[in-house]
Amino acid sequence: MRKIVLSLVILLFSMSGAMAADPVKIGMITTLSTKAGYLGEDIRDGFKLAIDQGQGKLGNIPVELMVEDDGRKPEKGRQIAERFMKRDKAQILTGIVFSNVAMAVVPKIVRSGAFYVSPNAGPSKLAGKGCDKNYFNVAWQNDNLHEAVGQYVTEKKYNNVYLLAPNYPAGKDALAGFKRFYKGKVAGEVYTTLGQSDYAAELASLRAAKPDAVYFFLPGGMGINFIKQYAQAGLNETTPLFGPAFSFDERILKAVGDAAVGVVNGSQWSADLDTPENMAFVAAFRKAYGRTPTLYASQGYDAALLIGSALAAVKGDVSQSDAFRAALEKADFPTVRGAFKFGKNHHPVQDIYVREVIKDEQGNFTNRLLKKVFTDHADAYGPECSMK
Amino acid sequence: MLLFIEQLLNGLQLGVMLFLMSAGLTLVFGIMQVINLAHGSFYMIGAYVAATVAARSGSFLLGMAVALPVAAAVGMTVELTVLRRLYKRDHLDQVLATFGLIFFFNELTRIIWGRQPLFMDIPAWLGGAVELLPGVHYPVYRLAIILVGVLVALFLYLLFSRTRLGMQIRAGASNREMVAALGVNIRLLYTLVFGLGTMLAALAGIMAGPILAVEAGMGESILILTFVVIVIGGIGSVRGALIGALLVGMVDTMGRAFLPDVLRFVFSPATADTLGASLSSMSVYIFMAMVLTFKPAGLFPAHN
Chain A
1 MRKIVLSLVI LLFSMSGAMA ADPVKIGMIT TLSTKAGYLG EDIRDGFKLA IDQGQGKLGN
61 IPVELMVEDD GRKPEKGRQI AERFMKRDKA QILTGIVFSN VAMAVVPKIV RSGAFYVSPN
121 AGPSKLAGKG CDKNYFNVAW QNDNLHEAVG QYVTEKKYNN VYLLAPNYPA GKDALAGFKR
181 FYKGKVAGEV YTTLGQSDYA AELASLRAAK PDAVYFFLPG GMGINFIKQY AQAGLNETTP
241 LFGPAFSFDE RILKAVGDAA VGVVNGSQWS ADLDTPENMA FVAAFRKAYG RTPTLYASQG
301 YDAALLIGSA LAAVKGDVSQ SDAFRAALEK ADFPTVRGAF KFGKNHHPVQ DIYVREVIKD
361 EQGNFTNRLL KKVFTDHADA YGPECSMK
Chain B
1 MLLFIEQLLN GLQLGVMLFL MSAGLTLVFG IMQVINLAHG SFYMIGAYVA ATVAARSGSF
61 LLGMAVALPV AAAVGMTVEL TVLRRLYKRD HLDQVLATFG LIFFFNELTR IIWGRQPLFM
121 DIPAWLGGAV ELLPGVHYPV YRLAIILVGV LVALFLYLLF SRTRLGMQIR AGASNREMVA
181 ALGVNIRLLY TLVFGLGTML AALAGIMAGP ILAVEAGMGE SILILTFVVI VIGGIGSVRG
241 ALIGALLVGM VDTMGRAFLP DVLRFVFSPA TADTLGASLS SMSVYIFMAM VLTFKPAGLF
301 PAHN
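So the sequence lines, in the order shown, correspond to chains A and B. The first sequence begins at 1 in my numbering and counts up by one. The second sequence begins at 1 in my numbering and counts up by one.
Calculated directly from the structure, the hints in this document are not laboratory data. All C-beta atoms, glycine included, are put in the ideal place defined by N, C-alpha and C. Be aware that one or more of the hints could be misleading.
Partial chain B-side listing against chain A, Cβ under 7 angstroms, derived [as the list claims (entries may be wrong)]:
no.: 1; residue: Ile211
no.: 2; residue: Ser221
no.: 3; residue: Ala277
no.: 4; residue: Ala297
To give a feel for the contact side, a few chain B residues facing chain A, derived at Cβ under 7 angstroms [claimed, not checked]:
no.: 5; residue: Leu3
no.: 6; residue: Glu6
no.: 7; residue: Asn10
no.: 8; residue: Pro123
no.: 9; residue: Ala124
no.: 10; residue: Leu212
no.: 11; residue: Ser281
Modelling step: build the complete structure from the supplied sequences, incorporating the hints.
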């Protein structure tokens, strides 16, 4: 009898010891420095909020989040990924903001058998020919938000749209995504230098082309510059401006001021999306960090919850990779944007909305949902993916 | 034709902006023989301080009045603590040290102001557009930038040609040992010149604040063009900086505005657009290469 009790006690101790000593490690490679550092900051804060709400646990499994800054550089991202996998033995990675970093890092991670859950970057290659069973994107495929605006602009009967994007792959993809659903004429298609700050010359040509609407994709500071200068040139009074949510997150709006009010933009999420999960998330985020979450924060939060749902299914044992993957594929978690499914290429099949920039009663600039444009929208690259 | 006039004004305005930046840089380089990569940081500091003060007080002019001396003070502190140790070193050491300063200032602004880009609005009395010619509407604020640039050019001309300080600066540029031997306090002169250069960069930053995003790292994008300007104009020459800045502003703007259209005469529209986008971003550098082929020391070399 004593022996049995003793061995039970020892067993109990060793079990609890094992549980306490081995939280599941999650490696987050993200962009915290450079001008775009706030994107990574919001993804990280959204992810951490989910962990903090579970008191250090995701899906009731203790986790340890390691965060490192890739500085927007692909080679640095690769080094961090290697360190997370080799030194820290992390089997779950996440966090990359930029598609060029994702293209350099993700194939390496999934080839070694680890899992990667993307909270942002969704380059077409990883959704199509380069899809992988261990790669999941919880946000969107890069083209999706542009496609939604293309559809909306067509529905609103705009017929002569001027297009503008930076001269790099994501810029060309953006306009290709827009044109996939836009059926009217193209008044002009201009590619600017990446990082350009003054758009006076482009705006003068734009005015001369007399379009009935303008669609632009200029992420980060470039967007702030463009929107301000667009309004200063008086164009916002004559020609409506459209864009993806990337240029209209709450942080950019604060720097743009009145110039962005009224602009319609495409997004899979909005802070005023009326679901209990989302209301609770927005309130908790504001309380924890003192600012309104951006879509990046919502994506970080959803990534954490998705990982949590799969960790719960395998009781924290990521080495059961088939079971873990099957649980991820179900996307069975209380997402803040409303339920969605994964397509066979592991990208969301989800509703996409357009929002309008408004000034609320307190004088803050934010987005208001305008209309659901797509229901259960899947990306265009799924058929190229060989996964079943 | 009307579009062409508008683009000319745009080119002029960009040129003036570049002149404010490059006048300070070329002075520092020509007189002190220091390559100062951190020049863009003073542009950023000017914009940040002005945006903060303008947001608190609601006055753009007050923002400018505070930001200029603050930037000059920061600049002179940098001269006293860092650059003074580098005058005798070679250019590589100077590049490394001032490159480090860029990181230092970018991180400092993130610590003080956070990652959130600041908002700065055009003052109401400079808002809107005027009709210069029938059909040519131009924003008043951009005209104000051009005016500020002209005034600064005039001020520098008078400073250099009509004052004792200007004479000493010019003398210091051609032979500093001799000037020191004649009893001019060359150290004080250097600090003053550096402060002046910093203030011009800050002025450019303040003027850019309402049109651009005020954010950490904003100085680097204009810094490269500034270096192109002083290389084209001839290092150390303020007149060269003025001509170089206007040329670069024009070439850049005209390239962006008209190159794709010109290429359409030769290529298919799709090819012309792609080629035009790439070529126009290179146009300034191609122009620099051409100038250097015929004038290796720039258009107005300060030293023979």
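- Query: Can you name, in rising order, the numbers of the hints this structure does not satisfy?
  - Reply: 4, 8 and 9
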